[in-house]
Amino acid sequence: MISMAGKTISRWWALFVLPTFVAFVIGFVIPFILGIWLSLCRFTTIAEANFIGTKNYAAAISDPEFWHALWYTALFTVVTTVIVNVCAFAIASLLTKAIRGANLFRSIFFMPNLIGGIVLGYIWMLLLNGVLQHWGKSITFSGTYGFWGMVLLMCWQQIGYMMIIYIAGLQTLPGDVIEAASVDGASGAQTLFHITIPLMMPSITVCTFLSITNGFKMFDQNLALTNGAPSNSSELVALNIYRTFYGRAGFEGAGQAKAVIFFVIVALVAILQNRLTARKEVTA
Amino acid sequence: MSAKAKHSGWWTLFFTLVCLLWVFPIVLVGINSFKDKVYITHDAFSLPLGDMFAGLDNYRKGIEQTNFFASFGWTVVVTVGSVALILLCTSMCAWWIVRVNNRTAKSLYLVFLFNMIVPFQMVMFTLSKMADIIGLNTPWGLWIIYLGFGSGLPVFIFTGVVKGIPQELEESAMIDGASVPRTFFEIVVPIMKPSIVSVAILEAMGIWNDFLLPYLTLDLRKYRTISIAVQYLKGGYGTVDMGAMMGCLVMAIIPIVIFYVICQKYIISGVLAGAVKG
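Taken in order, these protein sequences are the chains called A and B. First residue of the first sequence: 1, per our numbering; consecutive thereafter. First residue of the second sequence: 1, per our numbering; consecutive thereafter.
Bound conformation, chain A alone:
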């Protein structure tokens, strides 16, 4: 059913929709379609491209560094998602209780989020290299060092962000349900696992979704902190794609193929994760 007002409004499409739509076509639709097309071509510029079928994909999946970057990123995402969400949830539940200074603590935990990834990377390079100096090492000593360095950075950055979302969720929890549980003699752990967490599933869905996509897409911090060193062993997949494009001449096609694979993975993970956690949601 389209209302009368709806019909009148629809005539104004040129003013209301066209500007966004034109920008959307330039900034997203054309680059996206062209990106898929170019992943099937040999090219150096977008004007000169020759169709070569799936050779770029063959080149992409036969690149051991790409596989390394994929596993490295998957592991990084799992580790950071778990640590960030457990810590953020714990801090949020403590800071929603009557603790003096809770507001100030919240502000401090959140602050790193406002700083850009490049700046964050160099802040942590200073700190981590300063510490590792005592053992005569640096953050680029091995891929493992880079991994835990980035995990630390990511936790420092993201815990405050997720904490804000969890606090908002906790504040809307119905107090009477939790009270009823304690009257019925439920222990703290029982209340947490059987009442609070099920009721918090919407916030948990959002936060895990955000941490997973943030982990998968992380680029700036990786570029600034380790830049993939030593010998690409601390390279996350976004950096690997970037370097395939701009680091080696003649590999643009493989880079675009990797980008398409990356997009498919990110989309699948997003959809799958949303299905899984949405199913666990309950209402009080």
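Computed footprint of chain B on chain A; a stretch qualifies when at least three of its residues, placed anywhere within it, have a C-beta under 8 Å from a C-beta of chain B:
| hint | stretch |
| --- | --- |
| 1 | 5-14 |
| 2 | 33-43 |
| 3 | 120-126 |
| 4 | 161-172 |
| 5 | 214-227 |
| 6 | 236-243 |
| 7 | 259-270 |
Pairs of lysine to aspartate or glutamate, DMTMM-like flavour, derived with a Cα cap of 25 Å:
| hint | chain 1 | residue 1 | chain 2 | residue 2 |
| --- | --- | --- | --- | --- |
| 8 | B | Lys163 | B | Asp176 |
| 9 | A | Lys137 | B | Asp43 |
| 10 | A | Lys137 | B | Asp241 |
| 11 | A | Lys7 | B | Glu168 |
Just so you know, the hints here were simulated from the structure itself, not pulled from any lab data. Glycine residues also receive a C-beta, built at the ideal position from the N, C-alpha and C atoms.
We have chain A already, so just place chain B on it with the hints.
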């Protein structure tokens, strides 16, 4: 109750310590920004005393090497322009989508949703080359690119908001003879105002700190944002003037902290507006 109060004191102490640890990385950068660059790499944890003290040298070098104030200015131009354009265009677009709600509007909405799950790497090469060809490699060109590539999330948030606004108010305004644009700007926008502020903050945070999109798109001989300037301090093969770097990091952080102190309430609402299910 008294047991609770006693616990609360311990928790305050605990969180005070954790928060000191939390701000330590930033304080460390501040301390090192007054140290001579030789000592920054070898002795990051001492205070800048005696020989180590470099005064404002690092800041001077940082400003000279990166042309910091120009980068700051361009970052302001890119951020303010993009955010303004995004707010105006996507709020109008979202209202149209919800109120018209025909097949075109619905499919448009789905395409915007799709946009949200596409990582930037998917389009980075083609988008940056296209921007070069059609002359969008300027700060004002970036306004259009950010509106285009980043329209999914604001359209999604705003459609959610518009769906919650009762239609009767707008209809009676139109029956009274108000034009469609006037109805939108005088009736709908005031109701949407809180969410517009939230989206403004959310977008401003993202665009101010963005690195890769402006780095690949802008004509770097003329325009650099702060993130690009900081990254440029790292020379070709790993050599960094850590002194100038520390100065720049502090100068990059200060405006953000000021902004945070002033707008904290809105920033938190911006985070919550962005925390919507995809």
